[in-house]
Amino acid sequence: MAGTNRNLSDALRYREAVALFLNLSGHDDATARPMRRKVSESIGLSSSDVTGVDGWHIATSSRVTHRLSSDLTEAIELADEGEHVAVVQHLRARPLADSLVVMDLATFSEITAPSP
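Heads up: the sequence shown begins at 1 in my numbering, then just goes up one per residue.
Be aware that a few hints might be false.
[As the list claims (entries may be wrong)] For each label pair, taking beta carbons as the anchor points, the in silico distance ranges come out as:
no., residue 1, residue 2, range
1, Asp10, Pro116, 24 to 32 Å
2, Ser47, Pro114, 30 to 38 Å
3, Thr65, Gly26, 30 to 38 Å
4, Phe108, Glu81, 15 to 23 Å
5, Arg92, Gly55, 16 to 24 Å
6, Leu68, Leu20, 38 to 46 Å
7, Ala97, Leu68, 14 to 22 Å
8, Asp10, Gly55, 24 to 32 Å
9, Asp28, Ile111, 25 to 33 Å
I should point out that these hints are in silico values taken from the structure, not numbers from a laboratory.
Heads up, the beta-carbon is just placed ideally off N, CA and C, and yes, glycines get one too.
Let's have the full structure, built from the sequences with the hints guiding it.
Printed below as a string of structure tokens:
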């Protein structure tokens, strides 16, 4: 969900920071998806901004103006079938750990349901 120009470099740095945070928090395979310059470099690869978290499509956003609903809708459309979807939204002047994680209620209910 990277923007353009300077915003692109901010978005890529934020994506890398989220991946590192997840990696240091025990998600050993979490990595930031590299920026691809050509469409042909992306064919067949995940569109998730952060990969390596099994069963999840993770999008990141570092926009100053939050567009949570449209960002979540876009992430859902890009996710592979069966993946949970979450958008990690940066909050300016706040620590990375304070970022918002946005998901739909169905996903929240599924992941928090008691085990049978």
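Evaluated hints:
1. Asp10 - Pro116: 24 to 32 Å: violated (44 Å)
2. Ser47 - Pro114: 30 to 38 Å: holds (32 Å)
3. Thr65 - Gly26: 30 to 38 Å: holds (32 Å)
4. Phe108 - Glu81: 15 to 23 Å: For glutamate 81 against phenylalanine 108, whose Cβ atoms are near 19 Å apart, the range 15 to 23 Å holds.
5. Arg92 - Gly55: 16 to 24 Å: With Cβ atoms ~30 Å apart, the hint is violated.
6. Leu68 - Leu20: 38 to 46 Å: violated (23 Å)
7. Ala97 - Leu68: 14 to 22 Å: holds (19 Å)
8. Asp10 - Gly55: 24 to 32 Å: Because 28 Å falls inside the window, the suggested range holds.
9. Asp28 - Ile111: 25 to 33 Å: violated (20 Å)
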